[in-house]
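Those protein sequences? They're chains A, B, C and D, same order as listed. Reading the first sequence from the start, the letters are residues 1 to 447 in full-length UniProt numbering. Reading the second sequence from the start, the letters are residues 1 to 447 in full-length UniProt numbering. Reading the third sequence from the start, the letters are residues 1 to 447 in full-length UniProt numbering. Reading the fourth sequence from the start, the letters are residues 1 to 447 in full-length UniProt numbering.
Be aware that one or more of the hints could be misleading.
Since the list gives no way to pick one copy over another, a pair counts as held whenever it fits inside one copy or between any two copies.
Once the Cα atoms are required to be at most 30 Å apart in a straight line, the calculated DSSO-like pairs of lysine-lysine come out as [unchecked claim]: (1) K223 x K210; (2) K246 x K426; (3) K357 x K430; (4) K116 x K311; (5) K16 x K210; (6) K31 x K285; (7) K116 x K436; (8) K346 x K444; (9) K325 x K2; (10) K147 x K16; (11) K346 x K445; (12) K445 x K430; (13) K405 x K444; (14) K444 x K16.
If you're looking for bench data, these hints aren't it; they were derived computationally from the structure.
Protein chains: 4
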Amino acid sequence: MKAFRDPVHNLIRFDKDSQIERMILDIIDSKEFQRLRHIRQLGFSFFTYPGAEHTRFAHSLGATHLMKRFIEQIERTKNKHVNVTIDEITDQRALALCAAILHDIGHGPFSHALEKMITVDKVNHEKWSVQIIKGNTEVNQILESYKSGFANEVAEVIERTHNSRAIVKLLSSQLDTDRIDYLLRDSMLTGAGYGTFDLEWLIHVLRIGKVGDHIEVGLDLEKGLNIAEDFVMARYYMYQNVYFHKTTRCAEQFAMKIFARVQQLRASGYFIEMPYELEKLLSAKDLQEVLQLYPYYLGLTDFKVWYYIDKWCNSDDLVLSGLCKQLLGRDLYKEFVTKEGFDSYKSIINLANLYEKEHGIPVEYILLEDDSHSSAYKDNYISSKAKQDEGQEAEATEQIFLFDKSGEAAELSQVSRIINEIRNNKIRFKRVFVPKDFRNLYIKKYG
Amino acid sequence: MKAFRDPVHNLIRFDKDSQIERMILDIIDSKEFQRLRHIRQLGFSFFTYPGAEHTRFAHSLGATHLMKRFIEQIERTKNKHVNVTIDEITDQRALALCAAILHDIGHGPFSHALEKMITVDKVNHEKWSVQIIKGNTEVNQILESYKSGFANEVAEVIERTHNSRAIVKLLSSQLDTDRIDYLLRDSMLTGAGYGTFDLEWLIHVLRIGKVGDHIEVGLDLEKGLNIAEDFVMARYYMYQNVYFHKTTRCAEQFAMKIFARVQQLRASGYFIEMPYELEKLLSAKDLQEVLQLYPYYLGLTDFKVWYYIDKWCNSDDLVLSGLCKQLLGRDLYKEFVTKEGFDSYKSIINLANLYEKEHGIPVEYILLEDDSHSSAYKDNYISSKAKQDEGQEAEATEQIFLFDKSGEAAELSQVSRIINEIRNNKIRFKRVFVPKDFRNLYIKKYG
Amino acid sequence: MKAFRDPVHNLIRFDKDSQIERMILDIIDSKEFQRLRHIRQLGFSFFTYPGAEHTRFAHSLGATHLMKRFIEQIERTKNKHVNVTIDEITDQRALALCAAILHDIGHGPFSHALEKMITVDKVNHEKWSVQIIKGNTEVNQILESYKSGFANEVAEVIERTHNSRAIVKLLSSQLDTDRIDYLLRDSMLTGAGYGTFDLEWLIHVLRIGKVGDHIEVGLDLEKGLNIAEDFVMARYYMYQNVYFHKTTRCAEQFAMKIFARVQQLRASGYFIEMPYELEKLLSAKDLQEVLQLYPYYLGLTDFKVWYYIDKWCNSDDLVLSGLCKQLLGRDLYKEFVTKEGFDSYKSIINLANLYEKEHGIPVEYILLEDDSHSSAYKDNYISSKAKQDEGQEAEATEQIFLFDKSGEAAELSQVSRIINEIRNNKIRFKRVFVPKDFRNLYIKKYG
Amino acid sequence: MKAFRDPVHNLIRFDKDSQIERMILDIIDSKEFQRLRHIRQLGFSFFTYPGAEHTRFAHSLGATHLMKRFIEQIERTKNKHVNVTIDEITDQRALALCAAILHDIGHGPFSHALEKMITVDKVNHEKWSVQIIKGNTEVNQILESYKSGFANEVAEVIERTHNSRAIVKLLSSQLDTDRIDYLLRDSMLTGAGYGTFDLEWLIHVLRIGKVGDHIEVGLDLEKGLNIAEDFVMARYYMYQNVYFHKTTRCAEQFAMKIFARVQQLRASGYFIEMPYELEKLLSAKDLQEVLQLYPYYLGLTDFKVWYYIDKWCNSDDLVLSGLCKQLLGRDLYKEFVTKEGFDSYKSIINLANLYEKEHGIPVEYILLEDDSHSSAYKDNYISSKAKQDEGQEAEATEQIFLFDKSGEAAELSQVSRIINEIRNNKIRFKRVFVPKDFRNLYIKKYG
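Could you build the full structure based on these sequences and the hints that come with them?
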């Protein structure tokens, strides 16, 4: 029995004598998984919440631990009223656990800031995960030596194309092991109490049932309604306060502008050193090509990118060195609040032009626009894949089901006024961040 | 009121309207303090405890928060029975808070591994702290604009030479704000429950009294004896289990061997790139000279060193690249346990020679010897400075006093059998770590 | 410094050297306050939640502790933008603390079950509190020796007629020290995680401002909106799950039926012994008279009533002894669920008549009807007193205000969609409880 | 699945579909077990710690929950190195769980105060438990309908005479499910943080092994040493601070003196009403006879005794009414501290005689002597039963074993200096409590 200590779950145990859990331990020991120790779970949130230093590594362990607990509970509470075979869940325990431990294997450093830089035609971390699982990697080898074709299956669960719908939804849905772990973990480590809910009760009221022809994982209608609400609310509060915190968003804008400046300068012929892995990735012409460069992608970590941010502090280009110094020293821009809101920001272009002249900083580095949006609970049923245009929130947009004693299913927003209220209302923050002294210029000009 | 969220203390608040706390906030914003965001509190412990990613930055905030609470409690419970003026504590609130926020400002990356590399004549993190506080830094400027000569005073508290003994001991003694915060924090973040004790009760029973001519901070004899024991025991357990965990110690040995190899290779004329700040520091001839290079020291962070570990994975030198790959992939050596214990390890030199021949790895990179020792409670009264030969445990080795109602002081180990038992018994682990396959060779040879 | 240990707040401290806090300690030592040790906070909830044994005594300490913390926070964050003098809060600290410690002094045993029995013309626990404070009691003496007329003032705060509106609302409003303590306490002790919210943050964002001519205590608009929602939701969940739990409600119905039977029997000339204090109280003709009997009321405790329940187990009347045995043994009735809901219950009268004939139990002891309702957030502005017809929820039905930086107030349900959704929707449970074997009869008859 | 919410363990679940757990649920529903709702776990501690209202009912559920978890862990970690069959543990799961749920069924009200009153020749709560299990009770019927002779077996486990030594020790030994639950529970509910230890880790390192011919439950030597120490220390602190708190001890002395006075008065021919159950029990001539009166014993609860304490407040005997009023109002005696300690108290008899003359209170009601002692860790191996003269600490005085990888056992105090230090040192408090004004008399006389 191998035990990891964990601030959220206390002990996360894997049984070395079980073939399946031994495989999980081998995956944890793999080079690709060890890399997740160097990817912060919350990107730039540590600037806002000094405790938010936790990594994708710890989160992946936590999500796998929850997957084990979910499956145990489902085994315990086979719903007698519904003629449902849960074999697809219990027989495929290996699949569920491997998908859980590997679901974030394709996450890159620096949250989404870097992702956008190397994005060729909408490549996201899930595509990278799939590529790493299928590619010539230690992880792939471990999966294939369990069963030929197994890597493919794991990838399908992560892509949400696997035909075992229940396994797919245990990993990514409105109420999955991934988001349960990250809410609890992010809440605890940031120290912002919003993400708490009674995990033990939630697991206690887990049920399976049928919705149409599909087996679905849901909650007991009578005992689970309030914990379902509490859980959706926790997510809503975390977006409102933590994930979309202005300081965090501003830091991410800084990072994106830094990468943009580097590319701009290189395009203009300047020599700006960057991680050679990144250079390689940027050379790819399309999605197909960039994904083939996954060995380089695997060379990227938070520490490598921070090293270059630090190095670029010494650049001759004052815009680049300025942004880097400010990011490293957490000497960020301030939100520029006007009574008219976001749209009025566009009207301060003239002022920004003035500021550009005074300080030699191009307008696009003066006005950092950020438009963050998410949804705490989505209504539309997304078949097996998220839609392209859902942006950041694409990962898991399905519904939460509540089952009554006869096994009949009700969708959460149908039975909860509160959830119905927030289901289609996006959480949205449109902001502009400007240099601290920009405001003075504004006052001088407009009084 | 500026509030930091914190997983340990929930809210850490500083009042922007108070001159003193405004100064603390300015220090936090300084370049030198922001650097602590990139120094892990526990060096390599994250390899053992995935949650142990917390930084010196968060710890320093926590220690300062405790200093505020300690001083408030002391103000509340002026001991009427003893003719003690606590003015030296309350009047010097600014001094106490500044010393608390800055006590780890001189910490370098990679725990003590790197420290040993650049050590010229016993320079340690406290000497760096003093240098940074007195040098041409933002921190120095902030302190001096509060009061001329103030930086010097703060440095004296950290060096334990300041004549306000009470302030010195609030920061570094057997029962100080520094170690209270780190025990609670390390315990929570590692997930190892050993470091817990009832902080609220400990603060509640804080007392001041006189020991000889000195004002001392201690605990109420009647109400504080058990919490004092519990606190010392917490520290004892943390050393036994967390700080001296074999995986953590082995990783630190790896880091030291990597640095040793780099220097060895450079001495032999190979070109091995290293952080230019480190190169600069290594060029110093003595303590005086190296301390003057503090601007370079301030350029060192965890991410910079990890970047080079990653880079050295591609070195032509197989010893260096091997060690680096193993460290990054957490593919470490195993403890070699013999019935005869540590001393018998020396007798396996012959075997190591054999292994060297087979694998081309010099003996000093095959047998990694580690001798960790500390003491949960020291007996001898150390005047104002720790002694040279106390090594790692030098920081604070004084006694805990318990005051009865008449203000008379008793030393903890005199009134507690338990503490008396452990006071002079070093916690000590002597180990040798060897490559995984070394054991096979051993069995082949010795059966 | 006197410290009480508390599972919710850890330490609750009162300073013996402060005149005001010394008064609080004297009140705690008074005979009338010590009686609260024998009144469970949650009546019959211990039948549902084995941990819910906590008393009005502990809750009153907790509410007073919160009152201290609230006032400290208000002192720290005087709102500069509003021309508000908070003197009425800080000068009247004594008043606020005394009202907090005494707000439940008039609570009787057995939750509301007994209250209804001795109710003559709507006397409730607040009227008793006022009577005890003004009467010839130790508590009255302590208050009056602080300041002549002070007992009256304290009573006015509890009655919500005192002209210091802010003090009144700190004790009883939508966001008061009373309900904050009971939500946290009930949640922790029942073990039902619903009532949790981040107390530290809630206190951190407390603000005062003006609404019309009144000083109001509210929260910071920007930082406090989500905690306000979280707090209202916590209350909503506690009502849904804990306070209105069917087992708890059924036990309370049992108690009411037991008291009803005792009175019925006595009215018919049977001699049924009951607590002489209760006998005395029942002899009163009107509100005026019953309140004058407060010394008898003060003789009532949970243990006294349970003693008689136990004694009545031996009654010759089989209805009475049956109900008592069943209550003591927690062998309660079951909820009778029909598809048609509560109203259809009325149609099973015929069946109950049949059951009466078989078992000799009058219909009114076969069908126990319970109609529980509350509201998590009320909309209508209740001037200084609750209205007569609000029943159980009368205590505090005002609004929560959020203040922006300029001091302008917004009412919570105006700025929160979620709260707006639930504000006028009563939480309501209409149930009928029937003997376990009643259902069989139903099936026999209706199939 | 029936779930109890619990403040300590969150959810305590029993599976209705399992025959064994269904039996546990039936026992919980029995009249005899429901009675435990009215027996406080900590007697008079609620006078010292307002939160300490928890009952034997909740503790018994907790101990049973831990028994389930212990057995699960033992099943998971069958020690391969030792040729041990754990069948005696797993096969006898029913026995272990029934013994756990019933181990406190014989506890009477008022802690040990009343026990001493009705003690005829050393009858204690364990003898009552056995009697209730074997007698004509609902509990007996439930056990016997599981298997004929099963009640006897359960009684043997509680008496520690059952030949399945491992089951016996899981319930009562130095490291048993009983004391683990009560330490955690008492610590949480009193709010005194001393009893905390990492339960998850303790369960994780549970091992079984052989000591001589016996199967023993112990801990992993390497991983369990510190948690074993921490656990023993937790118990030590709880005795020092909570169980032997002077206020609690004084209240218990009051209760004993009240019962003594009642008997004294009745012996002198006064009519003093007392619970008829108690009257009946007091009429028994010897152990055999008193145990046969168990139906009367089962009629005793905390509320019944408190009812009489309250009633006796109106007694004509001023000594009795005085003591009762003081106990109910928590207006207790004060500890009389002299420099010479306990023995010198005997020399103040003269003074007490004087006080007796002034106040008409016999000396034995003026000087309340209390001699509390326990041991945090006992050394001598107690075969299957505790010895007669161990008093309060008799329940479980055996050793804690630590097993190395080869299954070899070491006794805790042999490998831990700390435990060795405290193993034979009794925790002992000898005190005398006197009326508050007695001290004045003392000063008047002796200055």
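Do the hints match the structure? See the list:
1. K223 x K210: within (18 Å within a copy, 42 Å between copies)
2. K246 x K426: within (17 Å within a copy, 37 Å between copies)
3. K357 x K430: within (26 Å within a copy, 65 Å between copies)
4. K116 x K311: both (21 Å within a copy, 25 Å between copies)
5. K16 x K210: between (35 Å within a copy, 24 Å between copies)
6. K31 x K285: within (28 Å within a copy, 40 Å between copies)
7. K116 x K436: Only inside one copy: K116 and K436 sit 26 Å apart there, 42 Å across copies, limit 30 Å.
8. K346 x K444: For K346 and K444, the Cα distance is within 30 Å only inside one copy (19 Å; across copies 76 Å).
9. K325 x K2: Result: close only across copies, 24 Å inter versus 43 Å intra.
10. K147 x K16: Classified as within; 18 Å inside a copy, 38 Å across copies.
11. K346 x K445: within (16 Å within a copy, 76 Å between copies)
12. K445 x K430: So K445 and K430 pass the 30 Å test inside one copy only (24 Å; across, 65 Å).
13. K405 x K444: Intra 68 Å, inter 23 Å, cutoff 30 Å: inter-copy only.
14. K444 x K16: between (69 Å within a copy, 26 Å between copies)
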